[in-house]
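Taking full-length UniProt numbering, the leading residue of the sequence shown gets 1, the next gets one more, and so forth.
Because the hints were derived from the structure by calculation, they are not lab data.
You can take every hint at face value.
Pairs of lysine-lysine, DSSO-like flavour, derived with a Cα cap of 30 Å:
id, residue 1, residue 2
1, Lys167, Lys181
2, Lys181, Lys70
3, Lys111, Lys44
With beta-carbon atoms standing in for the labels, derived distance ranges:
id, residue 1, residue 2, range
4, Lys232, Asn129, 25 to 31 Å
5, Gly8, Glu98, 23 to 29 Å
6, Arg216, Gly16, 44 to 50 Å
7, Pro118, Gly243, 38 to 44 Å
8, Ser7, Gly163, 34 to 40 Å
9, Arg260, Arg3, 52 to 58 Å
Keep in mind the model is a prediction, meaning the values are calculated, not measured.
No residue lacks a Cβ here, since even glycine has one placed at the ideal position from N, Cα and C.
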Amino acid sequence: MARLLTSGDIRSLSRGLQITPTKKWGQNFVVDANTVRRIANVAKLDAEDVVMEVGPGLGSLTLALIEIAKRVIAVEIDPKLALALPTTVEHRAPQEHERLTVVETDAARIKPEQMPEPPTALVANLPYNVAVPVVLHALETFPSLQKGLVMVQAEVGDRLTAGPGSKIYGAPSVKMAWYAKARRAGSVSPNVFWPVPNVASGLVAFERIESPQANRVEVFGAVDAAFGQRRKMLRQSLKAWAGADVDAVLDRAGIEPTRRGESLDIAEFIALADAREAVGASDPRPQEA
Numbered sequence: 001m002a003r004l005l006t007s008g009d010i011r012s013l014s015r016g017l018q019i020t021p022t023k024k025w026g027q028n029f030v031v032d033a034n035t036v037r038r039i040a041n042v043a044k045l046d047a048e049d050v051v052m053e054v055g056p057g058l059g060s061l062t063l064a065l066i067e068i069a070k071r072v073i074a075v076e077i078d079p080k081l082a083l084a085l086p087t088t089v090e091h092r093a094p095q096e097h098e099r100l101t102v103v104e105t106d107a108a109r110i111k112p113e114q115m116p117e118p119p120t121a122l123v124a125n126l127p128y129n130v131a132v133p134v135v136l137h138a139l140e141t142f143p144s145l146q147k148g149l150v151m152v153q154a155e156v157g158d159r160l161t162a163g164p165g166s167k168i169y170g171a172p173s174v175k176m177a178w179y180a181k182a183r184r185a186g187s188v189s190p191n192v193f194w195p196v197p198n199v200a201s202g203l204v205a206f207e208r209i210e211s212p213q214a215n216r217v218e219v220f221g222a223v224d225a226a227f228g229q230r231r232k233m234l235r236q237s238l239k240a241w242a243g244a245d246v247d248a249v250l251d252r253a254g255i256e257p258t259r260r261g262e263s264l265d266i267a268e269f270i271a272l273a274d275a276r277e278a279v280g281a282s283d284p285r286p287q288e289a
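Please construct the entire structure, taking both the sequences and the accompanying hints into account.
Shown next, in the form of C-alpha cells:
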C-alpha cells in the first residue's frame, strides 16, 4: 500500500522543492488522505485501467490511483512538479512506482502521440480555470477514454451535468452530452485543499457513450452560436452560424425560431447541423486566407 501524503507532508515537500502554489496554473493541492481515497473509489477503476491524471501536483491523488490502476499517466504542466513526482512516488509507493509515467505538457493541448499508451479513464483534480476545455479536449483526443471522475469548481460541475431548460444549461452541458453521460458524484470541502480556495468544489463522474452520427464541428458551431447570445431567439442567435439561411435551417430542423438555445437538447442541435448541411447554408464567418 502506498503511504498517502498528509497536510504536513505536502507542506514539507513544497518547502523542500521551493514550490508555492500559483494562481497561473490554478494550483490547489489536496492535503486530505481520506478525500483522495474517496476519489479513487468513486472513480470505479480496476486493475486494467490506464489512468490519465491531469495536474498531479505533489502526488496526493497519484498515490491513491497507482494502488489500483494498471498504469497512471500523470500530465503536469509545471516542470518542477513534473520532475519531482517520480521521486515522491518511488519513495512512498516502492512496489507500485513503476506504474507511473509523467508527461510534462499542457493537458488542454496534449496530442495522442505524447501519451505512452491510450488512457481508459480520466481522474483528476482540475484547475478551475481550465476544467471544461481539458475534459472536452481529452474526450475528443482520446477515444479510448471510457470513464472519468474529475474534481472541479461546483458551479462548473453543475454546468457540465445540467439538462435543457435549466438556467445553468449551456455550451459545456451540450458538448459533454455529445461524448458522455455525466452526473454529479458528490461535493468536496474547501478545507481539504492548500491553499484553501474561495469556491466550493464537486465531483463529476462520466461514462462515454457512442458519439452521434453527425458532423461534430457543425453541431458545436450551432451550440456556440446559440449560447453566444443566449438571451436572443434562435432566429437571431443562429445568424452568426447559418447566415441568411437561418429561417430555412430552422424550418428544415423542425425547430421554432422563437425558441432559445437553453431549450434545445443535443438531438435538436444535431438536427440543426444536419439541416444546415442539407440547405447548403454558406458560413457567414470570415474565412482564413
